[in-house]
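Enquirer: What follows is each chain in one-letter form.
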Amino acid sequence: MSSLIRSYGGVLAALFGGLTLLWIIGLIVLPQLNMIQRAFIWEARDGAAQQAGVDLERAYQKIATLDYDIRAAKRDIERGSAPSAAPSPSDPFAVSPGAPSPGGLASSETPDKRIVRLESERTELQGQINPLKERFGRLKIEEAEASGYSIKNFTTMSPLHWRIFGMTIFYAFCVTLLSFLFCYPIAYTIARTQKEIHVAFFMLGIIIPYALNELLRIFAWTMILANEGILNSALDTLGLIDLESGEAIRWLASNGAVFCVLMYTYILFMIFPMYNTIETLDKNQIEAARDLGASTWRIHSRVVIPHAKPGIAVGAIMTFMLSAGSISVPGLVGPGLHPDWFSQIIYRNFFEAGNWNIGAAQSLLLLVACTIFILIVLRFFRVGIQEIAR
Amino acid sequence: MQGKEIRLQGVSMRFGDFIAVHETDLTIAAGEFFSILGPSGCGKTTILRMISGFLTPTTGQVLIGGKDLTAVGPNKRPTALIFQNLALFPLMSVWENVAFGLEARGIGRRERRKRAEDLLDLVALTEHAGKKPTALSGGQRQRVAIARALAVEPSVLLLDEPLSALDLKLRQHMRAELKQIQRKTGVTFVYITHDQGEALTMSDRIAVMNAGRIEQVAPTSEIYNAPATSFVATFVGEHNVFRGRVEGLENGMAQVNTPLGRLLGMNRDDLKPGEEAMIFVRPERIGLVSQTPTLGNRLQAAVERRDLEGPYLNVFMRAGEHQIVMHMTNAGNNVSDLSGEQSVGFACEDALVLRAGELAGE
Chain A
1 MSSLIRSYGG VLAALFGGLT LLWIIGLIVL PQLNMIQRAF IWEARDGAAQ
51 QAGVDLERAY QKIATLDYDI RAAKRDIERG SAPSAAPSPS DPFAVSPGAP
101 SPGGLASSET PDKRIVRLES ERTELQGQIN PLKERFGRLK IEEAEASGYS
151 IKNFTTMSPL HWRIFGMTIF YAFCVTLLSF LFCYPIAYTI ARTQKEIHVA
201 FFMLGIIIPY ALNELLRIFA WTMILANEGI LNSALDTLGL IDLESGEAIR
251 WLASNGAVFC VLMYTYILFM IFPMYNTIET LDKNQIEAAR DLGASTWRIH
301 SRVVIPHAKP GIAVGAIMTF MLSAGSISVP GLVGPGLHPD WFSQIIYRNF
351 FEAGNWNIGA AQSLLLLVAC TIFILIVLRF FRVGIQEIAR
Chain B
1 MQGKEIRLQG VSMRFGDFIA VHETDLTIAA GEFFSILGPS GCGKTTILRM
51 ISGFLTPTTG QVLIGGKDLT AVGPNKRPTA LIFQNLALFP LMSVWENVAF
101 GLEARGIGRR ERRKRAEDLL DLVALTEHAG KKPTALSGGQ RQRVAIARAL
151 AVEPSVLLLD EPLSALDLKL RQHMRAELKQ IQRKTGVTFV YITHDQGEAL
201 TMSDRIAVMN AGRIEQVAPT SEIYNAPATS FVATFVGEHN VFRGRVEGLE
251 NGMAQVNTPL GRLLGMNRDD LKPGEEAMIF VRPERIGLVS QTPTLGNRLQ
301 AAVERRDLEG PYLNVFMRAG EHQIVMHMTN AGNNVSDLSG EQSVGFACED
351 ALVLRAGELA GE
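Order-wise, the sequence lines are chains A and B. Sequence positions in the first sequence follow my numbering and run 1 to 390. Sequence positions in the second sequence follow my numbering and run 1 to 362.
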């Protein structure tokens with residue numbers, strides 16, 4: 001901070017500091033705290049209070065309908081004529097207006113008798129209102145008492161959701177591993193390429209797809225993998241399958257497809273950190289190892305990979321977190337895939353079920369899992385945060 | 001360990017349009033300390049890399065111990081290379097570095113450790129076995145690199161200017177040490193350097209290279225005393241050079257007409273009268289006529305500058321267009337007040353007449 005003040009003066013330094021602080025608090029600390037807090041607040045929603053509320057609402061609606069019917073009957077008496085039109089159904093929940101209804105049955109009775117009958121029905125309903133009100137209030141209070149800080153958001157998660165959570169973590173791990181196996185040779189090749197122009201071509205080839213919107217990039221894959229898509233057509237052309245007789249291979253909605261597309265989507269995040277570290281390796285070390293008789297495998301396992309460890313760790317962490325939290329890839333490539341990915345469940349809790357607290361609890365689970373993964377990776381590679389920052 | 005003979009037969013190396021090494025025949029004897037000396041870019045490293053197997057020659061064969069290994073990779077050759085920057089593995093401890101070659105040969109950990117310690121003993125680094133190379137000094141790292149290369153029991157040790165990063169004192173110390181290790185192990189050493197001092201003090205024989213060609217291969221003293229070409233004469237040690245034309249011949253000597261008068265020297269290239277020639281005289285072979293009246297060639301020169309370099313005095317003189325350098329031994333009496341016009345000279349036997357050609361540093 002003092003060096004900031006020295007280089008930019010007090011006002012600018014305060015501005016920088018203040019903006020940074022605002023950013024940290026407003027965009028990182030507060031949302032996280034809010035999420036954590038929500039995750040530990042249990043909203044009791046067993047449905048009894050809700051049902052009571054619905055019952056009360058219905059009773060009010062019925063009374064309002066009866067009032068309407070009574071008014072209509074009284075108008076008929078004043079005109080001294082038979083009901084002009086079919087009376088409105090006394091039950092607004094009846095199947096359809098044309099269907100027989102209690103009011104319809106009453107068309108043969110005289111308006112006076114009708115009024116009496118309706119009045120008695122109304123009185124009866126009016127009597128039910130107060131007990132219903134009481135019941136609703138009592139249940140509300142009970143529910144409020146049952147809510148509050150608790151770990152129920154976690155303990156009441158269904159076994160299926162736990163399994164999906166576990167599978168998501170496992171899949172993300174697999175994606176990371178496959179991604180590493182796939183990207184390491186590429187990163188190594190680029191890093192060892194002597195000619196600048198070739199490196200530039202490699203880099204362009206890797207970066208250009210990222211100029212495209214992520215959703216479009218993923219959607220491109222659905223065109224490749226669709227039943228009548230490019231891949232199946234190619235197989236058809238090669239004569240391996242026959243599309244016309246319905247031999248299409250279902251690529252979409254499989255974990256393999258999600259894997260493949262996740263790898264593709266996050267390849268850059270794996271290649272770049274690895275490339276950066278491998279590039280700093282002294283070429284002579286590789287030659288020295290070779291000269292001392294080491295096989296290619298040993299050169300990589302003993303010289304290149306140990307050197308590239310910080311880059312591999314960064315790449316693995318990024319790929320893991322992005323694929324564990326990815327929602328667009330399983331959403332677009334794996335529709336109909338069952339079970340789906342954990343991020344989709346979180347999404348539904350937030351935006352469809354409206355149960356933010358459970359969503360927050362599930363997000364927290366994912367966050368903890370990712371943090372644990374990071375710690376394990378760092379320990380496994382014996383890499384410190386400082387080394388990564390380098 | 002047993003050294004092996006290296007033979008290059010018609011070896012050349014071409015990178016695109018650039019010829020790094022012209023067709024070369026060279027034989028390095030088993031157990032020899034052989035240096036390849038030349039300015040940077042002369043192709044000496046290319047030759048080293050062809051011997052080690054990192055480069056495949058465009059033409060010709062590389063034979064080590066009588067076996068044609070031209071197409072064999074560096075990891076399958078009985079050679080070990082010590083890199084200019086040493087290329088120690090920074091993430092491994094010193095002993096793991098030394099044992100890496102053994103590890104690559106599938107030798108068990110305990111055996112590796114034992115042999116690494118033996119080698120560290122040889123280079124006097126036993127107590128540093130557990131440290132990382134970065135914790136060592138330059139000279140110690142040097143010795144780790146040597147131990148690492150020797151661990152695979154090579155028949156040929158290739159050294160690519162390994163001392164260039166060290167300071168003077170350490171360099172001199174390491175020269176003696178390298179020489180001693182070479183004698184102890186009997187391995188053929190091929191030493192690449194642009195430093196003639198290193199080449200002269202350590203080697204049995206030296207090859208002097210220039211622009212992709214070997215100019216001369218000879219024992220150390222011959223390289224210094226009887227350089228075969230004008231390039232070798234000026235690259236190895238210092239020489240005063242006088243250009244001229246051969247006028248007459250007598251008893252294996254040639255009389256050369258130079259701007260400074262007629263000078264007589266040994267006619268090493270069998271030059272005929274009328275041919276362009278150069279006369280080379282070492283600064284230490286030039287003397288004052290007043291001290292040595294028998295000198296056959298005499299010049300008048302004005303003293304411009306005197307530099308005392310400890311054991312001897314460098315006297316820079318001017319004679320017409322020529323600058324003449326004279327080294328005088330510091331005997332305590334003759335070096336203090338040399339100035340003005342002096343009559344200097346050199347014996348005809350100490351002067352070398354060679355065909356006019358390229359000089360080093362031009």
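No lab work stands behind these hints, which were simulated from the structure alone. Everything numeric in this text was worked out from a predicted model, so none of it was measured. Don't take each hint at face value.
[To be verified] In silico lysine-lysine, DSS-like type, Cα no more than 27 angstroms apart, as pairs:
no.: 1; chain 1: A; residue 1: K152; chain 2: A; residue 2: K113
no.: 2; chain 1: A; residue 1: K283; chain 2: A; residue 2: K309
no.: 3; chain 1: A; residue 1: K283; chain 2: B; residue 2: K132
no.: 4; chain 1: A; residue 1: K309; chain 2: A; residue 2: K195
no.: 5; chain 1: B; residue 1: K179; chain 2: B; residue 2: K114
no.: 6; chain 1: B; residue 1: K184; chain 2: B; residue 2: K169
no.: 7; chain 1: B; residue 1: K114; chain 2: B; residue 2: K131
no.: 8; chain 1: B; residue 1: K184; chain 2: A; residue 2: K283
no.: 9; chain 1: B; residue 1: K76; chain 2: B; residue 2: K169
no.: 10; chain 1: B; residue 1: K184; chain 2: A; residue 2: K309
no.: 11; chain 1: A; residue 1: K62; chain 2: A; residue 2: K152
no.: 12; chain 1: A; residue 1: K309; chain 2: B; residue 2: K179
no.: 13; chain 1: B; residue 1: K131; chain 2: B; residue 2: K169
no.: 14; chain 1: A; residue 1: K152; chain 2: A; residue 2: K140
no.: 15; chain 1: B; residue 1: K76; chain 2: A; residue 2: K62
[What the hints assert, rightly or not] Some chain B residues well away from chain A (every beta-carbon gap over 12 angstroms; in silico):
no.: 16; residue: R49
no.: 17; residue: T70
no.: 18; residue: N85
no.: 19; residue: A149
no.: 20; residue: A151
no.: 21; residue: L338
Each residue gets a CB set at the ideal place from its N, CA and C atoms; glycine is no exception.
Enquirer: So, for every hint listed, does it hold in this structure?
Expert: Here is what the structure says about each hint:
1. Taken as a hint, the A/K152 and A/K113 pair is broken in the structure, with Cα atoms around 57 angstroms apart against an allowance of 27 angstroms.
2. Taken as a hint, the A/K283 and A/K309 pair is honoured in the structure, with Cα atoms around 17 angstroms apart against an allowance of 27 angstroms.
3. For a cut-off of 27 angstroms, the pair hint linking A/K283 to B/K132 stands: about 20 angstroms separates their Cα positions.
4. Between A/K309 and A/K195 the CA atoms are separated by roughly 25 angstroms; this keeps the pair inside 27 angstroms, and the hint holds.
5. In summary, the hint linking B/K179 to B/K114 is supported, as the alpha carbons are separated by about 25 angstroms, within the 27 angstroms threshold.
6. Taken as a hint, the B/K184 and B/K169 pair is honoured in the structure, with Cα atoms around 23 angstroms apart against an allowance of 27 angstroms.
7. At most 27 angstroms may separate the alpha-carbon atoms for a hinted pair to count; B/K114 and B/K131 meet this at roughly 16 angstroms.
8. Annotation: proposed proximity of B/K184 to A/K283 is violated, straight-line Cα distance about 31 angstroms (limit 27 angstroms).
9. Using a Cα cut-off of 27 angstroms, the hinted pair B/K76 and B/K169 is violated, with the two alpha carbons roughly 37 angstroms apart.
10. With a CA separation close to 40 angstroms, the supplied pair B/K184 and A/K309 exceeds the 27 angstroms bound.
11. Distance hint between A/K62 and A/K152 is unfulfilled; the C-alpha atoms sit about 38 angstroms from each other, more than 27 angstroms.
12. Between A/K309 and B/K179 the alpha-carbon distance is near 40 angstroms, which puts this suggested pair outside the 27 angstroms criterion.
13. A C-alpha spacing of about 25 angstroms is found between B/K131 and B/K169, which places the hinted pair at or below 27 angstroms, so the restraint holds.
14. A threshold of 27 angstroms between alpha carbons decides the hint, and for A/K152 with A/K140 the separation of about 19 angstroms falls inside it, so the pair holds.
15. Restraint check: the Cα-Cα separation between B/K76 and A/K62 comes to about 96 angstroms, which exceeds 27 angstroms; the hinted pair is violated.
16. Some Cβ of chain A comes within 12 angstroms of the Cβ of B/R49; the nearest lies about 9 angstroms off, and the non-interface call is violated.
17. A cut-off of 12 angstroms between C-beta atoms confirms that B/T70 is not in contact with chain A; the least separation is 17 angstroms.
18. A cut-off of 12 angstroms between C-beta atoms contradicts the statement that B/N85 is not in contact with chain A; the least separation is 6 angstroms.
19. For B/A149, the non-interface assignment is contradicted: its Cβ lies about 8 angstroms from the closest Cβ of chain A, within the 12 angstroms cut-off.
20. Consistency note on B/A151: stated as away from chain A, yet its beta-carbon is not over 12 angstroms from all of that chain's, at 8 angstroms minimum.
21. Under the 12 angstroms C-beta cut-off, the non-interface status given to B/L338 relative to chain A holds; the minimum distance is some 50 angstroms.
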